[in-house]
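Asks: Generate the whole structure from the sequences, applying the supplied hints.
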Amino acid sequence: MDIYSYHHFIFMRLLFPLIPCLLLFLLPLSLSYNLLPLCHQQERVALMQFKDSFIIQNNSYCEYSTEGDYPAEVASWRIDGNNTNCCAWDGVECNQDTGHVIALNLSRSCLFGSITSNSSLFRLLHLQNLTLRYNDFNHSQIPSEIGNLSSLTHLHLSYS
Numbered sequence: 001m002d003i004y005s006y007h008h009f010i011f012m013r014l015l016f017p018l019i020p021c022l023l024l025f026l027l028p029l030s031l032s033y034n035l036l037p038l039c040h041q042q043e044r045v046a047l048m049q050f051k052d053s054f055i056i057q058n059n060s061y062c063e064y065s066t067e068g069d070y071p072a073e074v075a076s077w078r079i080d081g082n083n084t085n086c087c088a089w090d091g092v093e094c095n096q097d098t099g100h101v102i103a104l105n106l107s108r109s110c111l112f113g114s115i116t117s118n119s120s121l122f123r124l125l126h127l128q129n130l131t132l133r134y135n136d137f138n139h140s141q142i143p144s145e146i147g148n149l150s151s152l153t154h155l156h157l158s159y160s
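Letter 130 of the sequence shown, counting from 1, is numbered 130 in the UniProt record's numbering, and no numbers are missing.
Don't read these hints as lab results, they were simulated from the structure.
Incorrect hints may have been included.
With a straight-line Cα cutoff of 20 Å, these simulated SDA-like cross-link-like pairs (lysine to any residue) come out [as the list claims (entries may be wrong)]:
#1 51 <-> 84
#2 51 <-> 125
#3 51 <-> 136
#4 51 <-> 122
#5 51 <-> 116
Replies: Dropping the structure here:
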């Protein structure tokens, strides 16, 4: 058996059967590269409008807590360049299958202002968990429109 035939034999008999196994190993790795779903444009716009309805003001509400709360960096939310997927924004969680915003954690995000009855927050119809603890909503009342968020199961507003 010459050297070419020997290498061909090794490849065909030993290595070739391993190719499907290698592909089965690499396929999940390539799929996990982009685990974040793409958010819906109308929800991205609603989030930006919600953020823009507040003044982002550093104060004692914004400090890191001993509870492990870290402020969501809403100041970094932008719709430019590679930052258009709101599912990748700090404090935003989306459904893996649908891409709808299902959780918003803006605890200690230095938000100052009021949530009004026409807030874009109420356009996030799939929202299940809303955490707005330790912000300064200027002693405003919670608008009754919060009841229109029919999927909402958790609402955290303490110290706001």
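Asks: Now tell me, hint by hint, if it's right for this structure.
Replies: Hint-by-hint comparison with the structure:
For a cut-off of 20 Å, the pair hint linking residue 51 to residue 84 stands: about 15 Å separates their Cα positions. At roughly 17 Å between alpha-carbon atoms, residue 51 and residue 125 fall within 20 Å of each other, so this suggested pair holds. Distance hint between residue 51 and residue 136 is fulfilled; the C-alpha atoms sit about 13 Å from each other, no more than 20 Å. Of the supplied pair hints, the one linking residue 51 and residue 122 holds, its CA atoms being roughly 13 Å apart against a limit of 20 Å.
For a cut-off of 20 Å, the pair hint linking residue 51 to residue 116 stands: about 13 Å separates their Cα positions.
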